[in-house]
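Start from the sequences and build out the full structure, keeping to the hints where you can.
Taken in order, these protein sequences are the chains called D and E. In this text, residue positions in the first sequence follow the working numbering: the first is 1, and each later residue adds one. In this text, residue positions in the second sequence follow the working numbering: the first is 1, and each later residue adds one.
Calculated directly from the structure, the hints in this document are not laboratory data. Ideal Cβ placement from N, Cα and C applies to all residues, glycine included. Worth double-checking, as some hints may not be accurate.
Listed next, the in silico DMTMM-like pairs over lysine to aspartate or glutamate satisfying Cα-Cα at most 25 Å (straight line) [what the hints assert, rightly or not]:
id: 1; chain 1: E; residue 1: 293; chain 2: E; residue 2: 394
id: 2; chain 1: E; residue 1: 315; chain 2: D; residue 2: 602
id: 3; chain 1: D; residue 1: 233; chain 2: D; residue 2: 220
id: 4; chain 1: E; residue 1: 293; chain 2: E; residue 2: 316
id: 5; chain 1: E; residue 1: 315; chain 2: D; residue 2: 635
id: 6; chain 1: D; residue 1: 693; chain 2: E; residue 2: 70
id: 7; chain 1: E; residue 1: 479; chain 2: E; residue 2: 383
id: 8; chain 1: D; residue 1: 693; chain 2: D; residue 2: 558
id: 9; chain 1: E; residue 1: 315; chain 2: D; residue 2: 558
id: 10; chain 1: D; residue 1: 315; chain 2: E; residue 2: 558
id: 11; chain 1: D; residue 1: 315; chain 2: E; residue 2: 602
id: 12; chain 1: D; residue 1: 293; chain 2: D; residue 2: 316
id: 13; chain 1: D; residue 1: 293; chain 2: D; residue 2: 323
id: 14; chain 1: D; residue 1: 293; chain 2: D; residue 2: 337
id: 15; chain 1: D; residue 1: 693; chain 2: E; residue 2: 88
id: 16; chain 1: E; residue 1: 233; chain 2: E; residue 2: 222
id: 17; chain 1: E; residue 1: 315; chain 2: D; residue 2: 661
id: 18; chain 1: E; residue 1: 693; chain 2: D; residue 2: 88
id: 19; chain 1: D; residue 1: 293; chain 2: D; residue 2: 362
id: 20; chain 1: D; residue 1: 685; chain 2: D; residue 2: 507
id: 21; chain 1: D; residue 1: 693; chain 2: D; residue 2: 528
id: 22; chain 1: D; residue 1: 315; chain 2: E; residue 2: 635
id: 23; chain 1: E; residue 1: 693; chain 2: D; residue 2: 70
id: 24; chain 1: D; residue 1: 315; chain 2: E; residue 2: 661
Now the in silico label distances, taken between C-beta atoms and shown as ranges [stated by the list, open to error]:
id: 25; chain 1: E; residue 1: 345; chain 2: D; residue 2: 77; range: 50 to 58 Å
id: 26; chain 1: D; residue 1: 245; chain 2: E; residue 2: 60; range: 54 to 62 Å
id: 27; chain 1: E; residue 1: 385; chain 2: D; residue 2: 663; range: 30 to 38 Å
id: 28; chain 1: E; residue 1: 395; chain 2: D; residue 2: 305; range: 23 to 31 Å
id: 29; chain 1: D; residue 1: 77; chain 2: E; residue 2: 645; range: 48 to 56 Å
id: 30; chain 1: D; residue 1: 245; chain 2: E; residue 2: 525; range: 52 to 60 Å
id: 31; chain 1: D; residue 1: 663; chain 2: E; residue 2: 70; range: 19 to 27 Å
id: 32; chain 1: D; residue 1: 304; chain 2: E; residue 2: 428; range: 12 to 20 Å
id: 33; chain 1: E; residue 1: 575; chain 2: D; residue 2: 399; range: 39 to 47 Å
id: 34; chain 1: D; residue 1: 280; chain 2: E; residue 2: 395; range: 52 to 60 Å
id: 35; chain 1: E; residue 1: 710; chain 2: D; residue 2: 663; range: 45 to 53 Å
Far from chain D by the CB rule (all over 12 Å, computed), these chain E residues [as the list claims (entries may be wrong)]:
id: 36; residue: 345
id: 37; residue: 369
id: 38; residue: 646
Number of protein chains: 2
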Amino acid sequence: MNHLTSRAALLAAVPASALALALPAAPAHAQAPVAPEHAASAPATPAADLPPLYADEFARARVFVAGMMEAGVVVPQPRDPGGGYTHEQHKRNYRAILLSGQLYRITGDQAYADYVRAMLLAYADLYPTLGDHPARSNQNAGRLFWQVLNDAVWLVHAVQGYAEIRDTLSAADRERIDSQVFRRAAHFLSVESQATFDRIHNHATWATAGVGMTGYLLGDRDLVERALLGSDKSGQAGFLRQTELLFSPDGYYAEGPYYQRYALMPFMVFADAIARNDPQRRIFEHRDGILLKALRTTIQLTYGGYFFPFNDALKDKSLRTEELYHGIAIAYAQTRDPSLLSIARMQDRTVLTPAGRMVAADLAAGRAEPFPFRSMLLRDGPEGEQGAVAILREGEGPRHTALVAKNSSQGMGHGHFDKLSWQLYDNGHEIVRDYGAARFLNIEAKEGGRYLPENETWAKQTLAHNTLVVDGRSHFDGKVRAASAVAPEQLHFSVEPGLQVSSARVDGAYPGVGIVRTLVMTDVPGLESPVVFDLVTAESEGTHSYDLPLHYQGAVIELGFPVESHVAARPVLGEGHGYQHVWVDAEATPAAGDGALTWLLDGRFYTYRFATDGATRAVLGQVGANDPDFNLRREPLVLLCRESAGGTTFATLLESHGRYDGAAEQTVASRSRVAAMRHERQGGKDIVVLTLKDGGQVALAVSHDPDPGARHSATVDGREIAWSGFAAIVEIGRGGN
Amino acid sequence: MNHLTSRAALLAAVPASALALALPAAPAHAQAPVAPEHAASAPATPAADLPPLYADEFARARVFVAGMMEAGVVVPQPRDPGGGYTHEQHKRNYRAILLSGQLYRITGDQAYADYVRAMLLAYADLYPTLGDHPARSNQNAGRLFWQVLNDAVWLVHAVQGYAEIRDTLSAADRERIDSQVFRRAAHFLSVESQATFDRIHNHATWATAGVGMTGYLLGDRDLVERALLGSDKSGQAGFLRQTELLFSPDGYYAEGPYYQRYALMPFMVFADAIARNDPQRRIFEHRDGILLKALRTTIQLTYGGYFFPFNDALKDKSLRTEELYHGIAIAYAQTRDPSLLSIARMQDRTVLTPAGRMVAADLAAGRAEPFPFRSMLLRDGPEGEQGAVAILREGEGPRHTALVAKNSSQGMGHGHFDKLSWQLYDNGHEIVRDYGAARFLNIEAKEGGRYLPENETWAKQTLAHNTLVVDGRSHFDGKVRAASAVAPEQLHFSVEPGLQVSSARVDGAYPGVGIVRTLVMTDVPGLESPVVFDLVTAESEGTHSYDLPLHYQGAVIELGFPVESHVAARPVLGEGHGYQHVWVDAEATPAAGDGALTWLLDGRFYTYRFATDGATRAVLGQVGANDPDFNLRREPLVLLCRESAGGTTFATLLESHGRYDGAAEQTVASRSRVAAMRHERQGGKDIVVLTLKDGGQVALAVSHDPDPGARHSATVDGREIAWSGFAAIVEIGRGGN
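Right, dumping it as structure tokens:
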């Protein structure tokens with residue numbers, strides 16, 4: 001299989017044995033791991049019995065391609081940045097090339113092949129005339145697009161469409177398109193843009209995928225090997241190395257879920273081509289099946305279908321994206337895992353490949369099973385040694401509760417400075433929020449759709465996240481290189497019924513300050529379940545100021561302490577590291593004991609409560625200061641501020657409670673059931689004592705000792721309490737433990 | 001039929017001939033206008049063949065009542081305001097009395113009757129001991145609740161539940177409940193609270209309904225007649241007079257849609273009882289069928305099922321409310337209008353009456369037809385002489401475009417000072433917004449769930465609406481009495497394909513200033529359809545300052561003019577009439593020509609453009625200043641400000657355009673297609689000239705002459721344009737009209 005003819009390569013390079021659908025005369029493709037039944041039975045015209053999901057996709061593609069055909073072949077001189085006309089037109093074109101090719105395969109209708117040919121001949125005229133894109137903004141300029149990444153995406157799509165029709169061309173046309181479009185594009189990506197090509201980075205994955213698939217199609221082993229092993233074919237770069245370094249052993253992609261989704265497509269599509277052309281590589285078994293693991297992990301990194309918006313992430317990205325349509329189809333064809341079908345059902349989309357057809361058919365046959373969303377620890381780093389993402393879930397279905405602790409590595413240039421940050425989802429919403437990226441993708445008026453200046457000045461800063469800020473400066477002083485050198489350590493992770501714990505520490509985010517955060521999602525007798533305890537300890541010899549932000553969402557219902565409101569002139573919180581973007585609405589220094597804030601979101605109440613010795617200032621703020629271009633969302637936050645010598649611990653509780661039904665005019669339990677909270681540290685153990693309004697008393701006791709069998713004790717109000725393991729809920733007022 | 005026995009009254013007072021369902025021995029009720037087939041065939045136990053919607057309702061009621069029974073009879077001493085424990089418990093109790101009674105009728109299970117009996121005997125112990133409610137906040141104190149209104153609502157529900165089981169009681173129990181609960185409650189409402197009872201107001205509708213239905217049940221004609229005709233039985237007050245004065249001839253309720261919904265339930269439920277007990281009154285034909293007209297009008301006053309939030313309105317109120325479940329069932333039983341079934345389908349709820357069963361059965365039988373939402377003018381005032389609400393709709397389905405012009409009367413104490421205000425809905429969202437009320441209904445921590453102080457200081461003020469503010473003061477200086485004395489005049493209303501117009505004027509909102517507003521929702525060649533032109537003319541001899549706010553929703557994408565941003569210290573807009581609640585983000589005085597602001601909401605772009613001679617200041621602001629208790633939503637607005645001698649006209653255009661699909665990363669037409677806009681007044685005619693980016697030129701020409709046949713002309717750039725009627729779109733650049 002090493003030296004394929006053009007025709008065999010054609011059959012192999014498209015993501016399926018699929019070609020048989022369109023070309024019944026093609027020889028049976030014995031190595032094809034997918035859908036031989038479809039290949040055997042496929043007619044040259046669309047069967048009336050296409051499974052519904054596939055039929056929808058087919059119809060959608062026909063409408064799109066018909067519209068494109070109606071408009072003719074429009075291949076403009078590149079000019080605009082993201083979101084601009086020429087940018088969008090070249091994107092439409094690669095979709096049209098791919099879909100028209102696939103429609104040709106399915107229908108055998110020559111018009112589709114002719115359209116792909118005409119489009120690619122137009123590119124053959126244009127491509128050789130191009131230099132760097134006029135709207136480039138950095139060294140990584142593309143040809144057709146403002147950045148080289150988009151050129152790689154163009155190639156990954158176009159080469160798949162071309163593969164479907166290349167066989168139908170005259171030798172002259174084929175030669176012209178091969179050499180003037182695909183060889184040039186592959187050369188541009190792999191030689192002229194070698195620095196990008198040889199990175200260990202998602203841009204390089206797209207580039208290697210495009211180049212490698214072009215190599216398979218043109219029967220050019222040199223291209224293939226450079227794609228797989230890097231420019232120098234040493235294996236120190238290239239696609240295979242990327243599968244080893246970009247994913248952790250648990251299938252976590254260092255840049256975070258948003259880029260994991262994006263990176264996944266070239267990984268899956270190129271792997272599919274490798275599996276077909278070089279089956280002896282057993283690419284889907286490579287590194288303990290890392291690619292299929294990564295696909296499943298990508299799905300785990302969602303709530304309500306939306307990706308956890310770590311790092312530079314657009315919050316409207318969900319499993320309902322092109323990348324995941326391809327990913328699900330390819331993974332299902334490899335595994336026949338019925339839980340992937342339920343994801344396809346949620347997506348309500350698939351792709352026009354035999355694998356997509358198989359997904360649609362098996363879904364229609366009722367083979368779907370629920371996807372097993374669950375609590376899990378995803379180690380980060382190529383060896384799993386660079387911290388982790390902890391996901392704690394409780395309950396089932398679209399309104400279940402999920403806590404995410406981001407104890408992972410920096411995630412390269414798109415990483416945010418938010419070590420040990422967390423998020424909470426409940427009742428279908430993001431309750432404790434991550435801002436994501438400051439960017440309006442593809443909207444020209446917003447800096448050409450690129451990342452906005454406020455992405456640096458706000459979204460990446462520590463203050464924009466739910467984690468500790470020391471001395472008013474971001475982690476690692478906001479420097480990527482320093483941040484990339486240090487990863488947090490996951491100290492403990494345990495999942496038991498009614499008690500889930502994640503604990504991690506990071507050293508080096510600030511000189512001389514170690515930070516340990518323990519998040520406990522647990523049931524507490526007398527409270528609605530689950531609640532979240534959060535213990536953030538700064539270990540330091542020196543004196544520092546500590547600020548702990550919580551970015552919430554909802555209408556403020558009740559403040560449990562008197563505030564000084566800045567009703568007529570709101571000061572700005574500070575001068576840099578994101579502080580310049582926060583308006584101060586109100587401030588308070590609650591008396592010793594605890595302070596609480598209750599808000600309402602979509603019919604559910606949330607009370608955030610913090611223990612204080614009387615020296616913690618609470619700041620209620622809103623994002624939006626120093627934002628002359630209205631680039632930021634005007635979201636609220638509460639900030640706990642404390643000055644301390646020799647370290648400190650913030651102990652807080654997030655309690656969700658009650659129900660507000662505006663339609664039925666029913667309100668239940670709109671007020672917290674906690675009367676008081678206090679926190680004590682006893683010999684390295686943390687004890688949080690809650691007194692409930694019904695008089696009950698209960699404590700969260702944390703030993704920080706991961707040995708589940710070890711016994712621990714502490715003293716509360718002169719009484720000893722005892723427990724086993726890292727953490728426990730101990731009832732006191734109702735008769736002790 | 002005038003003197004019913006208790007048993008006949010029982011049969012009559014419940015909203016159906018329904019009793020037969022539970023009491024098969026009951027004589028056929030010849031006058032029953034509804035569901036004789038159900039009455040004839042009904043078994044004493046729930047049939048397995050209950051239609052699905054009714055079966056769901058039955059199951060839901062069983063769960064609720066089982067929970068209530070489990071908790072026992074809990075009738076607490078009244079103590080708390082809205083949202084508090086005793087308030088909510090008494091609400092739960094009246095629901096339990098009603099539903100348990102209905103379940104008894106359906107199942108014949110004595111336990112349900114026993115529970116109603118036990119509950120009412122507990123009320124018989126409590127009721128005689130009660131004085132004014134301790135949490136009362138004004139003269140209209142209730143007994144069980146903080147305001148008399150809730151006591152009336154309690155009675156309307158409880159009497160229906162009682163009717164279902166009264167026949168099963170011993171004479172002693174019946175006598176005790178009759179006299180200690182229902183006669184006392186009726187006396188409290190009709191005699192002790194006579195001032196409320198005799199008002200022409202929705203509180204009085206609930207009171208008369210409760211009292212009248214009690215009268216029917218107890219066979220007390222005196223109660224019935226006082227309910228129908230007022231305390232003095234003169235007909236100057238009471239239910240019948242309310243049907244004449246509270247609805248306009250078009251079925252519009254003066255307080256607005258939110259209270260129309262609320263008022264509807266006692267109107268419909270009591271009318272249903274009247275129809276049964278006093279069929280000769282032909283109550284549903286009274287005043288040209290006003291009650292059924294009002295029900296249909298209530299539905300027309302919605303978008304996406306949500307009521308237009310005029311006046312004091314909570315924005316989460318939709319057709320999915322108890323009032324409308326009853327309303328639809330009763331109206332359907334009267335009319336068999338299949339379009340009401342589609343509303344029931346959207347509600348996915350009904351009521352446990354024979355009418356509800358009929359709705360469920362006919363829905364299951366596939367008899368539903370779409371409800372005919374359409375453009376319409378709803379006159380306000382008992383004679384239709386107090387202005388109007390104009391609704392302009394274009395398109396179909398949940399994302400259609402709807403414009404609402406509020407040219408109606410003040411709407412009593414819940415009215416806002418917003419003459420000629422408007423709203424726009426598009427793409428499933430409220431684009432140009434009305435704030436609604438500042439209130440968290442039933443949330444105790446928010447002033448006991450009552451209207452908040454900010455309802456007076458912000459929500460009711462003119463600045464909080466999309467209408468003209470003169471000299472920084474609200475219409476009628478914010479005085480209800482003055483505002484109630486004046487109504488706008490609807491000058492013109494026309495609905496033609498591609499051109500819909502509402503024009504109205506108001507005099508007296510300000511001394512010496514007349515205001516005319518013309519809203520045109522129209523197709524414009526070269527622009528996406530529809531767009532909205534807005535012409536607001538102030539006619540005045542004197543010099544005034546004029547402020548025109550637009551309350552939009554979305555992320556600011558582009559400002560078409562340079563602004564001075566208050567990035568580090570936002571001033572407050574002003575000192576009273578709502579100005580104290582607005583932070584100023586940015587200000588600008590765009591050069592002569594036009595200014596534009598583009599925002600993005602849910603994938604759709606909106607550009608608001610205004611013509612200016614260079615002396616109009618644009619203020620970008622956000623609600624939330626002087627709001628120490630976080631009672632206000634932090635929403636954005638843009639304010640056009642101008643100082644002028646001898647009147648002025650604001651000419652604006654709202655253009656919706658393009659599409660942003662974050663998931664597919666596709667952006668289309670994110671920028672306005674308008675290159676320039678200007679406005680001219682020529683001899684009382686308004687001409688708005690648009691120059692499009694494609695070079696085309698088009699004008700909106702408004703003659704203000706309602707005669708559709710009259711010819712008009714004007715001059716644009718030296719060329720004459722001509723049109724007929726009130727308003728027209730005239731193409732200039734593509735070859736004239």
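Here is what the structure says about each hint:
| no. | hint | result |
| --- | --- | --- |
| 1 | E:293 - E:394 | holds (23 Å) |
| 2 | E:315 - D:602 | holds (13 Å) |
| 3 | D:233 - D:220 | holds (14 Å) |
| 4 | E:293 - E:316 | holds (24 Å) |
| 5 | E:315 - D:635 | holds (21 Å) |
| 6 | D:693 - E:70 | holds (23 Å) |
| 7 | E:479 - E:383 | holds (24 Å) |
| 8 | D:693 - D:558 | holds (17 Å) |
| 9 | E:315 - D:558 | holds (21 Å) |
| 10 | D:315 - E:558 | holds (21 Å) |
| 11 | D:315 - E:602 | holds (13 Å) |
| 12 | D:293 - D:316 | holds (24 Å) |
| 13 | D:293 - D:323 | holds (16 Å) |
| 14 | D:293 - D:337 | holds (12 Å) |
| 15 | D:693 - E:88 | holds (19 Å) |
| 16 | E:233 - E:222 | holds (9 Å) |
| 17 | E:315 - D:661 | holds (12 Å) |
| 18 | E:693 - D:88 | holds (19 Å) |
| 19 | D:293 - D:362 | holds (22 Å) |
| 20 | D:685 - D:507 | holds (20 Å) |
| 21 | D:693 - D:528 | holds (13 Å) |
| 22 | D:315 - E:635 | holds (21 Å) |
| 23 | E:693 - D:70 | holds (24 Å) |
| 24 | D:315 - E:661 | holds (12 Å) |
| 25 | E:345 - D:77: 50 to 58 Å | holds (53 Å) |
| 26 | D:245 - E:60: 54 to 62 Å | holds (56 Å) |
| 27 | E:385 - D:663: 30 to 38 Å | holds (34 Å) |
| 28 | E:395 - D:305: 23 to 31 Å | holds (28 Å) |
| 29 | D:77 - E:645: 48 to 56 Å | holds (54 Å) |
| 30 | D:245 - E:525: 52 to 60 Å | holds (57 Å) |
| 31 | D:663 - E:70: 19 to 27 Å | holds (25 Å) |
| 32 | D:304 - E:428: 12 to 20 Å | holds (19 Å) |
| 33 | E:575 - D:399: 39 to 47 Å | holds (45 Å) |
| 34 | D:280 - E:395: 52 to 60 Å | holds (58 Å) |
| 35 | E:710 - D:663: 45 to 53 Å | holds (48 Å) |
| 36 | 345 | holds (17 Å) |
| 37 | 369 | holds (25 Å) |
| 38 | 646 | holds (35 Å) |
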